[in-house]
Amino acid sequence: MATPLIEVVDLEKDYPTGAGVFQALRGVSLVIAEGEFVAIMGASGSGKSTFMNLLGCLDRPSRGSYHLNGQDVSRLSSDQLAALRNREIGFVFQGFNLLPKLTALDNVALPLMYAGMAREARRQQAQAMLERVGLGERSHHTPLQLSGGQQQRVAIARALATRPRIIFADEPTGNLDTETSRQVMDFFSQLNREEGITLVLVTHEADIAAYARRRIRFQDGRVVEDQTREAVAA
Amino acid sequence: MIFSSLLETAWHALTTHRMRSFLTMLGMVIGVAAVILMMAIGEGAQVMVRDSIKSMGSNLFIIMSGASTSGGARVPSGSAPTLTFDDADAISELKDVLAAAPVSSGSAQLIYNGINWSTSVFGTTPDYVVVRDWPMESGGFFNEADVRSGARVAVIGQVVVRELFGDEDPIGKIIRIKQAPFEIIGVLAAKGQSLDGRDQDDIVMVPISSAQQKIHSNAIRNRARFIMAQAVSEKSMEIAESTITDLLRSRHRIGVGQDDDFSVRNLTAIAETAAATTRIMSILLGTIAAISLVVGGIGIMNIMLVSVTERTREIGIRMAIGARRRDVLWQFLIEALTLSLIGCGIGLLLGVGGAFLVGGLAGLPVAVTPTSVLLAVGVSFLIGVFFGFYPARRAAGLDPIEALRSQ
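Chains as they are written, first to last, in the working numbering: chain A, -11 to 222; chain B, 212 to 618.
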């Protein structure tokens, strides 16, 4: 059997609070294979965001193991984690998280800069990514000159810039209207279907989760439901 | 991450907040300009003092007539001419003394061709220009024979040449000093300002005998106002001072316990004091300026700290997409460095410009030295690193999740 892309065993995460320790994750074990489209669901406080931060290498677990592509993430230094986020992982956030003073092109080129790519090369690749999300004409606009849907597409282009294997999307449609949400989700489905990019989507909306083939539901820091079914896609 | 990208990022951040960047730099600009300007003025003052000392001559003593008390009444030096020409001769015979010249001085009006000029007239001997190491520009100095015969010859300084003769050659011309005609036989080379600020070139020198006959009519015969003496070397200054004192005390029959009726002053020591004073002054000026540079650096740190707080979310985003801690550290460090170095550049221009302006307007000699420029640039760089490092480290130490959550 091939090494799974993501494998977590007994993952736990504690947060110190004023009233003692808050256990955000209380032992999560699961495997996500390359090319999956997974929706992580749950109410706020269920631990789904904590889980995604751990998977996205933004945070380290308190206990338990996390292997990404066979590599034990807990043993990596913060620089190695940064390199991993840069090369293997793309993030799409609810609030887009674009740098407001940079143009769309410079925003998309940013991860390439941290990958050590030279200026001209990264601008070309960023332009190509923007064209892929249908914003080739808008590359010199700043985020404030773009609509919410367009901003999220810039963010997706940025997530794709270093050609990562996984994209983590945290409530990517939370700030978008229904029609724009549908476009964004269609684009995600297409990426997953046509390019085999692994997608992990955090959402609390059932109709957004419905795009995914697999749904994992969190409650009180544990997985309470994990089912795979046919996607509603296109 | 490659260096040009760091510069590009820093430049973008600074140009996005132009006003803030400008105000932040202002502290550095003023600090560097102050350092350059103060050091230029200090250096100029030192050059001026050095030149004055050089023009004074080396290993010099001035022996003034009538020091301290005279019959119980305290009178200023030089007021009672107790020194005789023979005293000067006796001093010059001493082993540790190279030469000594008596001087009788006073001011008088010169007239040449209907033009008049008031200046100081020195009656002295040929040894005076030897002691003062004062070369001639043209013509020659009067000799011992002129002194013995009371010849009506004069040697004049550059200022007198300019005021009375203009472009005319003064050699061989007759001027009147207090109505008495004197023939000009030589012109002294320029000496410039003395330590006490007098123009040493505004002078006429005549044989001391002629001066006492015709010009300093109220002077007592064969008495000098002061004697200039030169020791044979710097090492013999101390011995020379005591032997001169002993000699004069015995010549003037001053008993044990009685006060001297003269005073011996070591001019070289006075000059060294003046040089030390200017050096201290320029160090003081530089220090004050350096403090303003440090204040400028603190200004940079303040703004960088505000900037890190304000851009916490940006830092989180950069970390999420792959910025390593050291990339973030460098980003903020380079920003601080860019600010301080650009500030330094502008400050340099202002400082050098200001130095020449001060030099031109106030007539002060200013000297912008490569040392002061290097110092200003070096200190700015260090300040950029020093005061940029703390905010940069704070930025680099942020937790990516916390940073992403901040508004």
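If you are wondering where the hints come from, they were derived from the structure by calculation, not from laboratory data. There may be inaccurate statements among the hints.
[Claimed, not checked] Only part of the chain B face toward chain A is listed, based on derived beta-carbon distances under 7 Å:
no.: 1; residue: ILE213
no.: 2; residue: SER216
no.: 3; residue: THR227
no.: 4; residue: ALA531
no.: 5; residue: ARG536
no.: 6; residue: GLY608
no.: 7; residue: ILE612
Quantities reported herein were computed from a predicted structural model and do not represent experimental measurements. Yeah, the Cβ is synthetic: ideal placement off N, Cα and C, and Gly gets one too.
Checked hints:
no., hint, in the structure
1, ILE213, "6 Å, holds"
2, SER216, "5 Å, holds"
3, THR227, "5 Å, holds"
4, ALA531, "5 Å, holds"
5, ARG536, "6 Å, holds"
6, GLY608, "10 Å, violated"
7, ILE612, "5 Å, holds"
Going through the hint list in order, the structure does not satisfy hint 6, though it satisfies all others.
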